[in-house]
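A.B. asks: As they're listed, the protein sequences go chains D and W. Each residue of the first sequence is one higher than the one before, counting from 1 in our numbering. Each residue of the second sequence is one higher than the one before, counting from 263 in our numbering.
No lab work stands behind these hints: they were computed from the structure.
Derived DSS-like pairs (lysine-lysine); straight-line CA-CA distance at most 25 Å:
1. 378(W) <-> 67(D)
2. 350(W) <-> 67(D)
3. 139(D) <-> 330(W)
4. 139(D) <-> 159(D)
5. 426(W) <-> 378(W)
6. 187(D) <-> 159(D)
7. 169(D) <-> 192(D)
8. 330(W) <-> 145(D)
9. 330(W) <-> 155(D)
10. 282(W) <-> 309(W)
On the chain D side, residues computed to face chain W include the following (Cβ under 8 Å):
11. 54
12. 68
13. 70
14. 76
15. 77
Yeah, the Cβ is synthetic: ideal placement off N, Cα and C, and Gly gets one too.
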Amino acid sequence: MSEQQSYSYENDCKSDENRNKGASRWSQCRKRGADGSLRKAEEDQRCSRRPESFTTPESDGPVSRVKNWGDAVEAEEMRSDVRRDMHRYRRRILAVDVPQRDRKLSSGSSDSRDSQNSKDSTAKGDIETDEAVLVRRQKQINYGKNTLAYDRYIKEVPKLMREQGVHPKTPNKFKKYSRRSWDQQIKLWRVKLHAWDPPAGDLQQIEEIDLGEIMDFELDVECSADPESQCPSANAAALSLAEDSFRGTPKKMMKMEDAEMS
Amino acid sequence: MENSSKEDYKIQSFDLETQKLLKTALKDPGSVDLEKVSSVIVDQSLKDQIFSREAGRICHTIVQAEAKQSNGNVFRRNLLNRLQLEFKAREETRKRSTQEWVCLVSFICNIFDYLKVNNMPMVALVPPVYDCLFRLAQSDSLKNEEEVDCLVLQLHRIGDQLEKMNTPLMDELFNLLRDGFLLQEDLSSMGRLLLLEILEFRAGGWTLSDTAQKYYYSEVTD
Numbered sequence: 001m002s003e004q005q006s007y008s009y010e011n012d013c014k015s016d017e018n019r020n021k022g023a024s025r026w027s028q029c030r031k032r033g034a035d036g037s038l039r040k041a042e043e044d045q046r047c048s049r050r051p052e053s054f055t056t057p058e059s060d061g062p063v064s065r066v067k068n069w070g071d072a073v074e075a076e077e078m079r080s081d082v083r084r085d086m087h088r089y090r091r092r093i094l095a096v097d098v099p100q101r102d103r104k105l106s107s108g109s110s111d112s113r114d115s116q117n118s119k120d121s122t123a124k125g126d127i128e129t130d131e132a133v134l135v136r137r138q139k140q141i142n143y144g145k146n147t148l149a150y151d152r153y154i155k156e157v158p159k160l161m162r163e164q165g166v167h168p169k170t171p172n173k174f175k176k177y178s179r180r181s182w183d184q185q186i187k188l189w190r191v192k193l194h195a196w197d198p199p200a201g202d203l204q205q206i207e208e209i210d211l212g213e214i215m216d217f218e219l220d221v222e223c224s225a226d227p228e229s230q231c232p233s234a235n236a237a238a239l240s241l242a243e244d245s246f247r248g249t250p251k252k253m254m255k256m257e258d259a260e261m262s
Numbered sequence: 263m264e265n266s267s268k269e270d271y272k273i274q275s276f277d278l279e280t281q282k283l284l285k286t287a288l289k290d291p292g293s294v295d296l297e298k299v300s301s302v303i304v305d306q307s308l309k310d311q312i313f314s315r316e317a318g319r320i321c322h323t324i325v326q327a328e329a330k331q332s333n334g335n336v337f338r339r340n341l342l343n344r345l346q347l348e349f350k351a352r353e354e355t356r357k358r359s360t361q362e363w364v365c366l367v368s369f370i371c372n373i374f375d376y377l378k379v380n381n382m383p384m385v386a387l388v389p390p391v392y393d394c395l396f397r398l399a400q401s402d403s404l405k406n407e408e409e410v411d412c413l414v415l416q417l418h419r420i421g422d423q424l425e426k427m428n429t430p431l432m433d434e435l436f437n438l439l440r441d442g443f444l445l446q447e448d449l450s451s452m453g454r455l456l457l458l459e460i461l462e463f464r465a466g467g468w469t470l471s472d473t474a475q476k477y478y479y480s481e482v483t484d
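Work the whole structure out from these sequences, hints included.
C.D. replies: Below you can see the structure in the form of structure tokens.
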């Protein structure tokens, strides 16, 4: 992300002068130009040409699509969180001498590599490093973690007691997966979390559902077996899936607002 | 204890009811209307010069408290968006009241100083902060002592951070300041002094040498 911004019109003034007068760099500091005219006149001209903004706005990256500072800073924070997570993850992977606890590899791989191989391949850089991808994945994870079901789950089942296959496990955003594979893992994870939804008596009004939480799914992902969903478009599909997740699950205030719809 | 926390945040200028609101926001942000809190803080910063230079601290504490309590950032988002509106209207504000304008700049810079993202300054605020400083470095502003005073205060406080975020822009800004110092005839002598000091300050790596410190500040203590 470029941080180079230029305040260009002042420069234009001066560089022109330099070119014309030719002399040393001190010439632009003299009260009079080489032709004897006072510089004051130049200054008045500059004043009337003052731009509205002195800094050229950044034209690259997600910041340019963002309209307000609140969103810009949230996006900044997500990227910085994800970068920090990546450094920690890398250190953790490289530091682990004992076989990894996680025997179950990515859903995409069918062969059973031993943990040493797996560690080597991640150390060699076979981890997801694309910031945009990591941020998108983190948003999806945040939606799942910002639920009462998740809160109840982690209180009830300490990490060490988790059994593979039985207890939901947050997908690892640093592993290489295809988009479809990742989206599917998230879907399955969230469905599993429903087992910890609070009892039906705690149901709150529909109005409290934050419809801002549109999940970021690929267009051709099928709708879940939800009788309410009659969805042709991806938007509606995502929405109905989100609603499916919400069913019977009162939500805490969401930290994230709109997810990116690709 | 109660008194010292009041002093820390410099909220004495608020009416009692608002002080209560702020104190509650600091301890239990989830229980108050954070949009109102941010609005109240911005409003006051534009009126009260002392508060505008210190408001960042209370904002920082509320942001932390909210993040800890509910992982939310309603307060920060509202604060920044309101600040953005004020920033957009800065030229009108300046025409209407120099006092309000310098308060606005102090406040934006103070927020930049205190509200960090993972211990890093907010990148999104860098262009607006520079915009304000560049505006203060224009010749019509340099001839107002009040504006020069504001400019050098901000550079003392956050100049080094700003420079790290964007060095070429800082270079440009200082070119303007040098020009102003050398060429502008309608500067007050205090204005000139302030500019000279800040030029030396930056040249010294954002600090004053002992002799320069003596030169500029010994008369203050005498």
